[in-house]
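A.B. asks: Work out the full structure: start from the sequences and follow the hints.
Residue numbers (this note's numbering), protein chains in the order written: chain A, 1126 to 1422; chain B, 18 to 333.
Source of the hints: derived by calculation from the structure; they are not laboratory data.
Mixed in with the good hints, there may be bad ones.
[To be verified] Quick list of in silico lysine to aspartate or glutamate cross-link-like pairs, DMTMM-like style, CA-CA up to 25 Å:
no., chain 1, residue 1, chain 2, residue 2
1, A, K1244, B, D34
2, A, K1420, B, D176
3, A, K1324, B, D34
4, B, K242, A, E1274
5, B, K242, A, E1160
6, B, K219, A, E1247
7, B, K301, A, E1160
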Amino acid sequence: MNVTHSGTASGFPLRDQGVALRLSRRRRAVSRLIEALCVLATLAGLFLLGSILFTLVSNGIGGMNWTVFTRITAPSGDGGGLLNAIVGTIIQAGLGTLLGTPVGLLVGTYLSEYGRDSKLGEAVRFVSDILLSAPSILIGLFVYRLMVEPAGGYSGWAGVVALAVIVVPIVVRTTEDMLRLVPISLREAAVALGAPRWKAITQICYRAARDGIVTGILLAIARVAGETAPLLFTSLGNLNWSLDMTQPMSSLPVTIYSYASSPFDDWVQLAWVGALLITAGVLALNILARVVLRKRS
Amino acid sequence: MPPSIARNSIPNARWGDRIFAGLTRAAAIFILMLLGSIIVILAVGGWPAFRAFGPGFLISTNWNPVTEVFGAGVSVYGTLVTSVLALIMAVPVSFGIAFYLTELAPGWLRRPVGTAIELLAAVPSIIYGMWGFFVVVPFMSTHFEPAMIAGFHHVPVMDRLFAGPPFGTGIFTAAFILAVMVIPFIGATMRDVFATVPAVYKESAYGVGCTTWEVVRSVVFPYTKNAVVGGIMLGLGRALGETMAVTFVIGNANRITPSLFNSGNTIASLVALEFGESETGSLKLASLLALGFILFVISFIVLTISRLLLRPKFKE
Chain A
1126 MNVTHSGTAS
1136 GFPLRDQGVA
1146 LRLSRRRRAV
1156 SRLIEALCVL
1166 ATLAGLFLLG
1176 SILFTLVSNG
1186 IGGMNWTVFT
1196 RITAPSGDGG
1206 GLLNAIVGTI
1216 IQAGLGTLLG
1226 TPVGLLVGTY
1236 LSEYGRDSKL
1246 GEAVRFVSDI
1256 LLSAPSILIG
1266 LFVYRLMVEP
1276 AGGYSGWAGV
1286 VALAVIVVPI
1296 VVRTTEDMLR
1306 LVPISLREAA
1316 VALGAPRWKA
1326 ITQICYRAAR
1336 DGIVTGILLA
1346 IARVAGETAP
1356 LLFTSLGNLN
1366 WSLDMTQPMS
1376 SLPVTIYSYA
1386 SSPFDDWVQL
1396 AWVGALLITA
1406 GVLALNILAR
1416 VVLRKRS
Chain B
18 MPPSIARNSI
28 PNARWGDRIF
38 AGLTRAAAIF
48 ILMLLGSIIV
58 ILAVGGWPAF
68 RAFGPGFLIS
78 TNWNPVTEVF
88 GAGVSVYGTL
98 VTSVLALIMA
108 VPVSFGIAFY
118 LTELAPGWLR
128 RPVGTAIELL
138 AAVPSIIYGM
148 WGFFVVVPFM
158 STHFEPAMIA
168 GFHHVPVMDR
178 LFAGPPFGTG
188 IFTAAFILAV
198 MVIPFIGATM
208 RDVFATVPAV
218 YKESAYGVGC
228 TTWEVVRSVV
238 FPYTKNAVVG
248 GIMLGLGRAL
258 GETMAVTFVI
268 GNANRITPSL
278 FNSGNTIASL
288 VALEFGESET
298 GSLKLASLLA
308 LGFILFVISF
318 IVLTISRLLL
328 RPKFKE
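C.D. replies: See below:
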């Protein structure tokens, strides 16, 4: 679709139709070239995702068997599994989410319902966004100084707190966004019926925004389940079976980290299995979160 | 409603409102204090190092646990170089993906392809580390790096940048992995801001005979310029603090060399590796916390700029 094609007919005072034609050809060629490069870029992105998934599956599937889920980590050659790491990750990610979600929910509620345009609201929104993107290793350092040093040792609780700090801003963001989508007339209707504001929020707005809030929580679980850096200095990792939250606790990502860089083939194999498990879990949670949200729209 | 019930319920409601509003406010203030205490705790923890080495800590390239002399120079350099190099690689690809998803892709492809790119952002960084170590590093050492070293052998300046034994690990590989990790962030942000351009603007440009590229260059870009830069800064913020993936592939050596194929380190990778070997109260631990503080300040500045530029998008 190009007007310069027909030269004078389009009303432009063109002297030389040949020049116009060449120009239009060049412009279209440039556009085509860039479009082709963009397709290439997208294919590159898809190729990278494919390469990562293929690497995980092809290296991990071979080592996938029941002992992975029934035995705990063991010295190389003793046929250990990942049971303690899997349980440790479930406990820490679960408790971290339980601890962080209520705080995030309240802050998101404050931002949407009470402090929408206030100075405090602006500041809190800014700080929450910074926390959302702050390097997670720094949260590990923070919790180390806050809990590990005073307590005199690494503990599962320290890991839980570090993960909770990561959960909070994720839940804040989705809660605020989703509550803002609830029409103001719903709140007015509730208040007009004599419901106090807090009831209007907790029973009407939360219910209307439920799917969105659940999405945020699922994304938060997915995020912290794969976190390694904040756990290195907090729950540390544990090669034995331990459910004692005051002691160092194993986790899948930290176990993958130490096994993948070990010189033992069976440990590297287990690291691949763990990597496959954690990625499958994280991607499944992400897809589930999208399904939950799409169901609504 | 009988008057007696109404009389009873209203004070209750008022109390309920006060408690709930107070709770949300307290949580909001708690978040402020949380960020504040992260800054204070890192600064206080790093203070012995700042006091011992003075402002020179920032640029000193020493890192010697034996003589207890520490400096941030190498890791700050590594952090900045890997992140900037990552952006140089990631921005064009991210733009291409965003351009494809908003202007070129057929409707039925947009959602699945967009979701696939977003899933790339969800993959945990330890997985990028393993993939980098077992797939990218061998590729770099057997194919890419020898080719680059041979190709630029006689080109001045470039022969210094692409020199040395092709081990596969090093600054360049770390930057490549970081690029792959930030592409989905930058790409998704660009796609979202490109989508805010009113269709009428684009249609007008198509109407006067612009090609697709010309529409993007002269309508979409000027309209979204700030937000695009904001998205790039968001990606930079991610790259600066990335730990696990970098630790796997950067080679972990405390030195600065001109060649991008040589080993180096970043603040995050140095902290991750050395932390376990530091004793409580030691000068080394203080130096690591001081490094954490420096990383926090750098990230804070970058993220603040990103937010200021992305802000108008959220205001709508």
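A.B. asks: Hints first: check each against the structure and report whether it holds.
C.D. replies: We went through each hint and held it up to the structure:
no., hint, verdict
1, A:K1244 to B:D34, "holds (21 Å)"
2, A:K1420 to B:D176, "violated (56 Å)"
3, A:K1324 to B:D34, "holds (8 Å)"
4, B:K242 to A:E1274, "violated (46 Å)"
5, B:K242 to A:E1160, "holds (20 Å)"
6, B:K219 to A:E1247, "violated (34 Å)"
7, B:K301 to A:E1160, "violated (52 Å)"
Hint compliance for this structure: hints 2, 4, 6, 7 are broken, all remaining hints hold.
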